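**Student:** Sequence:
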Amino acid sequence: MLGRLLVMDRDVTSRFAMKARLLSANHRVDTANDLSEAAPLLPQSQAVLLREDDPERLAWLVSRIRIRSSAAIVAVCGAGARAGAFLAGCDHVLDPLASDSVLRARLRSWLPHATADLPGFAEPGAGFDHADQIGLITDDATLSAEWRQAVKDALGKNLQIVSAQAGAASLDDRLAVVLIDAGLPGGGLQQLADLRARLSAAGRGAALALLQHVPAPEEEAQALDIGASEVLEAQLSESHHRVELIARLNWLLRRGIESERSHSDARLARRLASIDPLTGLLNRRCMAVEISAAMRSDNGFSLLMIDIDRFKSINDGHGHGAGDAVLRQVAAILGDVVGGDGKLGRHGGEEFVVLLPQGDPTLAVSLAERIRHAVATRRIRVSGLAGSAELSVSVSVGVGVSECCNCPGGAPDDVLEQADRALLAAKAAGRNIVMLARERRAA
Numbered sequence: 001m002l003g004r005l006l007v008m009d010r011d012v013t014s015r016f017a018m019k020a021r022l023l024s025a026n027h028r029v030d031t032a033n034d035l036s037e038a039a040p041l042l043p044q045s046q047a048v049l050l051r052e053d054d055p056e057r058l059a060w061l062v063s064r065i066r067i068r069s070s071a072a073i074v075a076v077c078g079a080g081a082r083a084g085a086f087l088a089g090c091d092h093v094l095d096p097l098a099s100d101s102v103l104r105a106r107l108r109s110w111l112p113h114a115t116a117d118l119p120g121f122a123e124p125g126a127g128f129d130h131a132d133q134i135g136l137i138t139d140d141a142t143l144s145a146e147w148r149q150a151v152k153d154a155l156g157k158n159l160q161i162v163s164a165q166a167g168a169a170s171l172d173d174r175l176a177v178v179l180i181d182a183g184l185p186g187g188g189l190q191q192l193a194d195l196r197a198r199l200s201a202a203g204r205g206a207a208l209a210l211l212q213h214v215p216a217p218e219e220e221a222q223a224l225d226i227g228a229s230e231v232l233e234a235q236l237s238e239s240h241h242r243v244e245l246i247a248r249l250n251w252l253l254r255r256g257i258e259s260e261r262s263h264s265d266a267r268l269a270r271r272l273a274s275i276d277p278l279t280g281l282l283n284r285r286c287m288a289v290e291i292s293a294a295m296r297s298d299n300g301f302s303l304l305m306i307d308i309d310r311f312k313s314i315n316d317g318h319g320h321g322a323g324d325a326v327l328r329q330v331a332a333i334l335g336d337v338v339g340g341d342g343k344l345g346r347h348g349g350e351e352f353v354v355l356l357p358q359g360d361p362t363l364a365v366s367l368a369e370r371i372r373h374a375v376a377t378r379r380i381r382v383s384g385l386a387g388s389a390e391l392s393v394s395v396s397v398g399v400g401v402s403e404c405c406n407c408p409g410g411a412p413d414d415v416l417e418q419a420d421r422a423l424l425a426a427k428a429a430g431r432n433i434v435m436l437a438r439e440r441r442a443a
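Here the sequence shown is numbered in full-length UniProt numbering, starting from 1 and rising by one per residue.
Because the hints were derived from the structure by calculation, they are not lab data.
Only a predicted model underlies this, so the values are computations on that prediction, with no experimental measurement involved.
Every residue, glycine too, gets a C-beta built ideally from N, C-alpha and C.
Where hints are given, some of them may not hold.
Distance windows between CB atoms, simulated [what the hints assert, rightly or not]: (1) Gly335 / Asn26: 46 to 56 angstroms; (2) Ala273 / Glu37: 40 to 50 angstroms; (3) Ser313 / Ala269: 16 to 26 angstroms; (4) Arg254 / Val12: 12 to 22 angstroms; (5) Ala288 / Gly89: 22 to 32 angstroms; (6) Gly78 / Val12: 33 to 43 angstroms; (7) Ser292 / Gly89: 48 to 58 angstroms; (8) Ala332 / Gly203: 19 to 29 angstroms; (9) Gly335 / Ala288: 29 to 39 angstroms; (10) Arg378 / Gly348: 16 to 26 angstroms; (11) Val12 / Ala39: 16 to 26 angstroms.
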């Protein structure tokens, strides 16, 4: 079953007719004649479908429902009563003559979307810099001018106009709402579907709305099912629709901002799950995924296993705070040297790993030598148990290469073990050394 809905209507015939339509759409439905009957049902309702022809009584009912529930309030009314419904405080309006397909699609769009709380994100971050602008995809100059003025008058915002050819590729990241002209060549539904797919692939959130020049129930239902948050009449730009336009754009902005906040939190959570908190490098789990992907590819690759020499003596002599400082500074040095040539991560403890996308032993050893030299020639300042000190630090590097006829054990699943063995050999040979498999490259 879908969401639980409450139908409030003093007319018993229309009340039960709406209940039957909602039940056929697989919703759980309660009904009430008045507020006294509705009150005990409100806490469990996701939305209230409210039919009331008297504007003053409608406003009174909405105010009382708001006290008892955070459910979305949908006014069931004709076109002539929509502005009054929004003035009364309703969230949405629904034409009682809407087709079943439109009714179902609109409810799916309007009902609260269930979202799982992300660990560590129970409260929104105070520094969230949300998108709050509105854009319109159209090639119609008249429509552009009318809606630019309407949005400016309604919300005081500048409407960003984007051509159909430019489409999603040129949309500003600050857009929380994107309106799509249904009259575009080839139809607005294709633009809507493409934009929804692009946003999803990019991990971005925005509220999308289709602007219809003429009512088309089938197109309306399709747009909502594709992922539009709303379908609006293009004529809402006319000044006598100002109240309705303000209400609908504000709702779209709230939906878009909430969607982008959710996507932003999810992006941050994914990033934090892949980052080592001390050094800011990719963590072991993330590097394991990257290495596994490299092993499954047809291309050769190289691994550099890097270990800070005599790191235990730093912890013992200067304290673990100093040891952490050394890890952070060595990580920064490695990042400067590796740059965009490969993936760099912390493997654990004082050990780091670099994944290179080539199976070229000459390139791999060359990078390893540059890393070893950069660390050895840098003085690292720490504050520890013995006060401030400048330390000389060195690293040993083991290099493993796949698909390389010049080095033994070139099978991809042997590369990690190959690099580990080379690192152990470098340590045994005196440290501050780069070792390729069983070959020694001395400092």
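**Student:** Evaluate each hint against the coordinates.
**Tutor:** Cross-check of the supplied hints:
1. Gly335 / Asn26: 46 to 56 angstroms: 53 angstroms, holds
2. Ala273 / Glu37: 40 to 50 angstroms: 48 angstroms, holds
3. Ser313 / Ala269: 16 to 26 angstroms: 38 angstroms, violated
4. Arg254 / Val12: 12 to 22 angstroms: Between Arg254 and Val12, where Cβ atoms are some 35 angstroms apart, the hint is violated.
5. Ala288 / Gly89: 22 to 32 angstroms: 53 angstroms, violated
6. Gly78 / Val12: 33 to 43 angstroms: At 20 angstroms between Cβs, range violated.
7. Ser292 / Gly89: 48 to 58 angstroms: Given about 54 angstroms between the Cβ atoms, the range holds.
8. Ala332 / Gly203: 19 to 29 angstroms: Once the Cβ atoms are compared, 28 angstroms apart, the range 19 to 29 angstroms for Gly203 and Ala332 holds.
9. Gly335 / Ala288: 29 to 39 angstroms: Given a distance of about 20 angstroms, which is not inside 29 to 39 angstroms, the answer is violated.
10. Arg378 / Gly348: 16 to 26 angstroms: The hinted range 16 to 26 angstroms holds for Arg378 and Gly348, with Cβ atoms some 23 angstroms apart.
11. Val12 / Ala39: 16 to 26 angstroms: Roughly 19 angstroms apart at Cβ, these two residues keep to the hinted range, so it holds.
Hints 3, 4, 5, 6, 9, counting from the list given before, are not met by this structure.
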